[in-house]
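Q: Residues -30 to -1, 1 to 486, numbered by mature numbering (1 follows the signal peptide of the UniProt record, and there is no 0), are exactly what the sequence shown covers, in order.
Everything labelled a hint here was simulated from the structure, so no lab data went into it.
There could be a bad hint or two in this list.
Claimed, not checked - Derived CB-CB ranges, DEER-like: (1) Glu231 <-> Leu170: 10 to 20 Å; (2) Asn166 <-> Asp90: 38 to 48 Å; (3) Asn141 <-> Asp253: 40 to 50 Å; (4) Tyr16 <-> Gly319: 48 to 58 Å; (5) Tyr6 <-> Pro124: 23 to 33 Å.
Note that the Cβ used here is the ideal one computed from N, Cα and C, for glycine as well.
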Amino acid sequence: MALLQAGCRNRAILLFSLLVITALFNGNSALEARVYRYKWKVKYEYKSPDCFKKRVITIKGQTPGPTIRAKQNDSIIVELTNSLSTENVSIHWHGIQQIQNGTEGVTLPGTTFKYQFVVDRPGTYLYYAHDGMQREAGLYGSIIVALPKGKSEPFPYDYDRNIILSDWYHNSLSAIPFQWVGEPQSLLIHGRGKFNCSALTSSEPGVCNATNPECSPFRLIVVPGKTYRLRVSSLTALSDLSFQIEGHNMTVVEADGHNVEPFVVQSLFIYSGETYSVLVKADQDPTRNYWITSNVVGRERKTPAGLANFVYYPNHPTRPPPTTPPIPPAWNNTAPRIEQSKAIKARQGFIHTPPPLPDRVIILHNITDLRNRSVRNVSFTPSQIPNLIMDMDNLTRAQQGCDFLNYDIFIVKSNATSNNGSKLTVDIILENAATHTHVWNLNGSDFWVLGYGEGKFDMINDTGNYNLVNPAMKKTVPVHPNGWTAVRFEVDNYNYSGAQEAQELHRRHAYGLSHF
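Could you put together the complete structure from these sequences and hints?
A: Structure, rendered in structure tokens:
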């Protein structure tokens, strides 16, 4: 009996040893996952990102905030201390599927909150404030998730860099009630821009200083002959942007954390909340430096270009390019922007096939008038009782004065929600009657982009042109002027998720929100 027990024990030890050895060689194993801990203090500081001094919100003294870098299946722990004197703080982890994802007002002034989550898929993501207009005051940053050890990307490159584009206002955007502040004063490339201080009619001495090192241009130093993966993101309040590197082509390989079929662009069009990876080879004349530019598209161009430098090593970083910045795309030409949108398709080997048919189809139509913005002629007004409280206590939603006798069943009720279960496939058709682009983001889920079109959506003819073979999955999508965008998603998480404008100034100007 003793020999039998010893034999069983030895076999158990051997089996356990084999499991450990197997796990050690498995790049996806929990044994390889790491825990990254961050302690962030959020506070007010005076900074001059475009040479004009104003109060901003920083993380550890930085704007943009620190970049979070990890590998797939690593854990992130962020202890955030709110040192703002009068504002609550919450962080939204854009593109990261998790439960602690940006409910407003989580962290009161003087308190600390701990976020903890697993980054379970590789890609380029963002984090930013979800309270008030703090994002536009500088409270944002990047999340870069690499593949685990032993796995490689389907596209080779030598170096990995990230760039965040944003627009910048000199006046605070936090007025109550909200006030329209017009076009931004500057465009920032990774937190740096250059405002023309001489354009100020009057200001206090030192408020605008063109020699301030805080507004020296962002410089991307490259080694001749090497290929760079540039993770380009946009977090603008208002502006749709183009992004160019003088004399260099860019190959798009990733969009919103998903690998896409590569395609080449000279100008990358990017909308607020979007992330892209582009491959750029440093294959031009290495004896000089080049411009990196960002320009407004989709609106009459009243904001100067954002400028940065693409520096070939060993040229001096401060040596300016010998040319003028390249001519940007025409601001009012929608054709190349629509062409880029249609070119984004899932990469072979990374296709997530959508369900063939939806359970529900919802058509949302943006309507613009002189006072309010709306979806299906309804502007969002917050419910007097929070949605989760209503759900927990089985309360009935107040109808907010709805005229049932004359109610058009094809118009979405004010603040309508769906409670038809958690295993539905839903199509949303986003229509845009305006002359500028609207950008929509779905919290809580990615979606398939089935197609784009012009004019009013035709339920009979347009559905036949859907891409059901290799549609891209995205988190954020543009709806081009006088056109429509069709998306499909699965309601597979029992939760309240908001579909909303990604541009803060559009959303604050009374645009609609829908909950699912």
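Q: Hints the structure violates: just list their numbers, smallest first.
A: 1
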